[in-house]
Amino acid sequence: MNPSLHYNWFSNIRGDILSGLVVALALIPEAIAFSIIAGVDPKVGLYASFCIAVVTAFAGGRPGMISAATGAMALLMVTLVKEHGLEYLLAATLLTGVFQILAGYLRLGSLMRFVSRSVVTGFVNALAILIFMAQLPELIDVTWHVYAMTAAGLVIIYTFPLLTNKIPSPLVCILLLTAVSMVMGLDIRTVGDMGELPDALPIFLWPDVPLNLETLWIILPYSLPLAVVGLLESLMTATIVDELTDTPSDKNRECKGQGAANIVSGLFGGMAGCAMIGQSVINVKSGGRTRLSTLIAGVVLLILVVFLDEWVSQIPMAALVAVMIMVSIGTFSWESILNLKKYPMSTNIVMLVTVAVVVATHNLAYGVFAGVLLASLFFANKIGQFLFIGKKQSAPNEVAYTVVGQVFFSSSDKFISAFDFKADLDRVVIDLSRAHFWDITAVSALDKVVLKFRREGIEVEVIGMNEASATIVDRFSVHDKPEAIDELMGH
Amino acid sequence: MSKVLACIDGTGALPEAVCDTAAWASKRLLAPLCLLHVLDRREFPIEQDAPLSGTIGLGAREALLEELAELDAKRAKLAREQGRLMLAAALERAREDEAFEPSTTQRHDDFVNCLQEMQPETRLLILGKGSHGDSLGVHIEPTIRALHRPILLTDKALVEPARFLLAFDGSATSRKALQMVAESPLLKGLSCTLIMVGPSTYDTRKELEGAEQRLVSAGFEVDAQLLAGEADEIILQQLEITSADLLVMGAYGHSRIRHLLVGSTTSTLVRRCSAPLLLLR
Numbered sequence: 001m002n003p004s005l006h007y008n009w010f011s012n013i014r015g016d017i018l019s020g021l022v023v024a025l026a027l028i029p030e031a032i033a034f035s036i037i038a039g040v041d042p043k044v045g046l047y048a049s050f051c052i053a054v055v056t057a058f059a060g061g062r063p064g065m066i067s068a069a070t071g072a073m074a075l076l077m078v079t080l081v082k083e084h085g086l087e088y089l090l091a092a093t094l095l096t097g098v099f100q101i102l103a104g105y106l107r108l109g110s111l112m113r114f115v116s117r118s119v120v121t122g123f124v125n126a127l128a129i130l131i132f133m134a135q136l137p138e139l140i141d142v143t144w145h146v147y148a149m150t151a152a153g154l155v156i157i158y159t160f161p162l163l164t165n166k167i168p169s170p171l172v173c174i175l176l177l178t179a180v181s182m183v184m185g186l187d188i189r190t191v192g193d194m195g196e197l198p199d200a201l202p203i204f205l206w207p208d209v210p211l212n213l214e215t216l217w218i219i220l221p222y223s224l225p226l227a228v229v230g231l232l233e234s235l236m237t238a239t240i241v242d243e244l245t246d247t248p249s250d251k252n253r254e255c256k257g258q259g260a261a262n263i264v265s266g267l268f269g270g271m272a273g274c275a276m277i278g279q280s281v282i283n284v285k286s287g288g289r290t291r292l293s294t295l296i297a298g299v300v301l302l303i304l305v306v307f308l309d310e311w312v313s314q315i316p317m318a319a320l321v322a323v324m325i326m327v328s329i330g331t332f333s334w335e336s337i338l339n340l341k342k343y344p345m346s347t348n349i350v351m352l353v354t355v356a357v358v359v360a361t362h363n364l365a366y367g368v369f370a371g372v373l374l375a376s377l378f379f380a381n382k383i384g385q386f387l388f389i390g391k392k393q394s395a396p397n398e399v400a401y402t403v404v405g406q407v408f409f410s411s412s413d414k415f416i417s418a419f420d421f422k423a424d425l426d427r428v429v430i431d432l433s434r435a436h437f438w439d440i441t442a443v444s445a446l447d448k449v450v451l452k453f454r455r456e457g458i459e460v461e462v463i464g465m466n467e468a469s470a471t472i473v474d475r476f477s478v479h480d481k482p483e484a485i486d487e488l489m490g491h
Numbered sequence: 492m493s494k495v496l497a498c499i500d501g502t503g504a505l506p507e508a509v510c511d512t513a514a515w516a517s518k519r520l521l522a523p524l525c526l527l528h529v530l531d532r533r534e535f536p537i538e539q540d541a542p543l544s545g546t547i548g549l550g551a552r553e554a555l556l557e558e559l560a561e562l563d564a565k566r567a568k569l570a571r572e573q574g575r576l577m578l579a580a581a582l583e584r585a586r587e588d589e590a591f592e593p594s595t596t597q598r599h600d601d602f603v604n605c606l607q608e609m610q611p612e613t614r615l616l617i618l619g620k621g622s623h624g625d626s627l628g629v630h631i632e633p634t635i636r637a638l639h640r641p642i643l644l645t646d647k648a649l650v651e652p653a654r655f656l657l658a659f660d661g662s663a664t665s666r667k668a669l670q671m672v673a674e675s676p677l678l679k680g681l682s683c684t685l686i687m688v689g690p691s692t693y694d695t696r697k698e699l700e701g702a703e704q705r706l707v708s709a710g711f712e713v714d715a716q717l718l719a720g721e722a723d724e725i726i727l728q729q730l731e732i733t734s735a736d737l738l739v740m741g742a743y744g745h746s747r748i749r750h751l752l753v754g755s756t757t758s759t760l761v762r763r764c765s766a767p768l769l770l771l772r
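Residue numbers (the working numbering), protein chains in the order written: chain Y, 1 to 491; chain A, 492 to 772.
These are computed hints drawn from the structure, not numbers from a lab.
The reader is advised that the hints may include incorrect statements.
Below are the DSS-like pairs computed for lysine-lysine, each with C-alpha atoms no more than 30 angstroms apart in a straight line [what the hints assert, rightly or not]: (1) A:Lys679 to A:Lys667; (2) Y:Lys166 to A:Lys667; (3) Y:Lys166 to A:Lys565; (4) Y:Lys391 to Y:Lys342.
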C-alpha cells in the first residue's frame, strides 16, 4: 500500500472511527441550527454537512479537519434565501465552489500569511459570539420550560464527562431532554417545527434557476463573500489543527477541496459550508487524526438522520441551544481575554476591532479585512519609528546629517522635520548610506529637503543615495542571491 | 556519494541481518558504514484512549494543545531512547563484523524524505525486507522509486556470497545495471549467472553475448542463459536451481502508469523472492 494513503486513511483506525462517531453526533444539532439561521429547512444543512464532510475527506488538504454547514456561512445567505428562495441559494453555493477552486489554483492560500495572530483570535472570538447570538431567538419570548431545559442541558453537558468519558455528553443531553419533553408532553418547539427533515438519501439536482446574467448578478454578491469567508475559516481551522497535531497541511489543496465540496453540496440540495473550528477541535480531542475520521463523521451523520428522522424531529430546540452554547463557549479563546493585559495596545485593538466589525456586520470577511488593514497600519507606524537622524558640525558653516533607519510613507514627515532649514550655513552634507528608502514617498521627501535647503541658499551634498534607494526596487531577487539580503540590510 | 547507509528498524531478526549485510558491503566497497534509524512520528499511533465526551469548554484549544504536546514529548523521548539503544546494539554488532568505519545517526523525519536528504552522501542503501504490515515494509516501493542509488534489500545476513544472478533484459535500466556490476568492487570474485528472458532471436542472442562479454572482461566467471517464459517466474526458478545468494537487477524501468496497468516485475520480485535483492537504479 502507498504509505501516504496508509497514513492519511488507515494509520489510526480505532481512534478515527470513535471520533468520527462523536463528531457525527455533534454535527447534527449544528447542521440543524445553522439551517435555521439561514432560513432553510434542516434537511438543507444536513445534506450539506454530509456532502461537505465526505468530499473534503477525499479532496481536502488537512486530514482530520471537519468541514460541514457552518454558522459563519449561514449568516451570509440569510437575505438571499429571504428574497430569492432556496434554488438561488443552491446556485450561489455552486458559484462559491467555483471561486474557491479558482483560489486554490491561483494559490491564494498563501495570502493567509498577511493575517496576523490577533486577527485570527478576533475571528475565532467573533465566530463564537455569532454562534451564541444565533441561539437568542430560541430563548426570547418563550415559556420558563425552555429556560429550564436549556439550563439542565448545559448542566448535563458539562457534568456528565465527570461520570464517564466513554459517552458523548451532548448526546446524553439530547436524549434525556427529548425523553423528558415527550413523556411530559411539553408544548415547546422541536426540530420538527423548524422545517422538513431528510427522509431519503440526497439526490442529484441541478438548481432550478434560469441560466442568465440576471441570475449571476443576484448570486454573485453572495457567492464572493461566501467564498472568502469559507476559505478564511477553513484555512484558519487548518492552521489550528496543524498546530494541535504538529503536522503540516496543504493549504492550496484545502482551497480546492472546499470548492469541490461546495459544488457537490449545491448539486445535492445542500447549502454552502466550510471547516468548523469547534468540531475540528472536538475531533482531535476525541482522537481523530486522519481523513477517515472526517469520512466517518459525514456518513454516520447521514445514516443517523435518514433512519431516525421520526426521532430527530422530536428533539426540543432547547437541547440544541444547549449544545450550541457549549460549542460557542468552546470556540471562544479564553486566553485572549487574559492576554489583553499582557499584549501591547495595538495588538488588542486589532483583535477587538475584528470582533466588533464582525458582530456589527455579521460578516466575518469585513472583520478580517478591518483587522488586517489595522494591523498593517500599526506595523507601518512601528517600523516608521526606526529612523534616526544625527546632526554634526563638520566644519565652520557646514553641518553633516547622518540618516539611519527606515524612510517610507509613514516616516517621511519625521524625516523632513529633522532638518533645520533656518540655520545660517553655507553647506550641508546628508549621508544616506545607512538609510533605507522604501518607496517613492521617501524619495520625494528627500527632494523636498534638498529643495528647501537650496531656497535658503545652502549648498547640499547627498552621499550614499544609491545604497539607500536599492530597497525601492520591488524585486531584488533575494531568493536566488542569499548575500543580497546581507548587502541590503548591512550597508 | 561515499557511505553505505543501513536502515535499522526494530522488527524481528532484521536488524542483525541488515547489520551483517551492511558490514559485508562496507568492507567490500571500503565505504564508511552509517547505521540509520528514522523516528517517523506518524508510525506511533495514539495508544492512549481519547476522551469521547464530545465537549469543549472555555480554553479548550489551549488545554488540548498543551495536553497533546506533552503526550508527543513523552512518546518522542521514549522512541528516541529506544532508537538509541537499538543503534548502540547495531553498532556493537557492526564492529564485531569488522565493518568499515561504522557510525550511527538518528533523525526525526519522514522516512523517505530523510533518505532523500541523505542521498547525496549515499553510495549503497541497505533495507530490511518486510511484509506490508511492518513499518519498513510500507516504505519499500516508494523508497525504491524516490531514490537513485543502489538498494540492497535483505531479510537474511549476506556474509560470504558465492554466486549472484543478474537479470538482464536489454533495456536502458538493465544495461546501466550491468555496467554498475562490472565496475563496482562489491561483487568482484563472485560467480555470475546472467539471465535474459525472451525469445531466442538473433538480436537477443547478440545482446546477451555482449553483456556476457562485458562481465567476462571485468573479471567475472559468467554462465549466460537465454530462457523463454514469464520473466518473474523464470527468475525465481533460476534462483532455486543455481542456488544463487543474491539477485541483481535494474529496478522500475517503466513508468507508474504501466505499473498500474500491467504490474511491475520489480514489485513482484520484491514480494516473492526469498534471496536478498540488489536493485540498481
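Evaluation of the provided hints:
1. A:Lys679 to A:Lys667: 17 angstroms, holds
2. Y:Lys166 to A:Lys667: 60 angstroms, violated
3. Y:Lys166 to A:Lys565: Satisfied, since the Cα-Cα distance of roughly 24 angstroms is no more than 30 angstroms.
4. Y:Lys391 to Y:Lys342: 38 angstroms, violated
Hints 2 and 4 from the earlier list are contradicted by this structure; the remaining hints agree with it.
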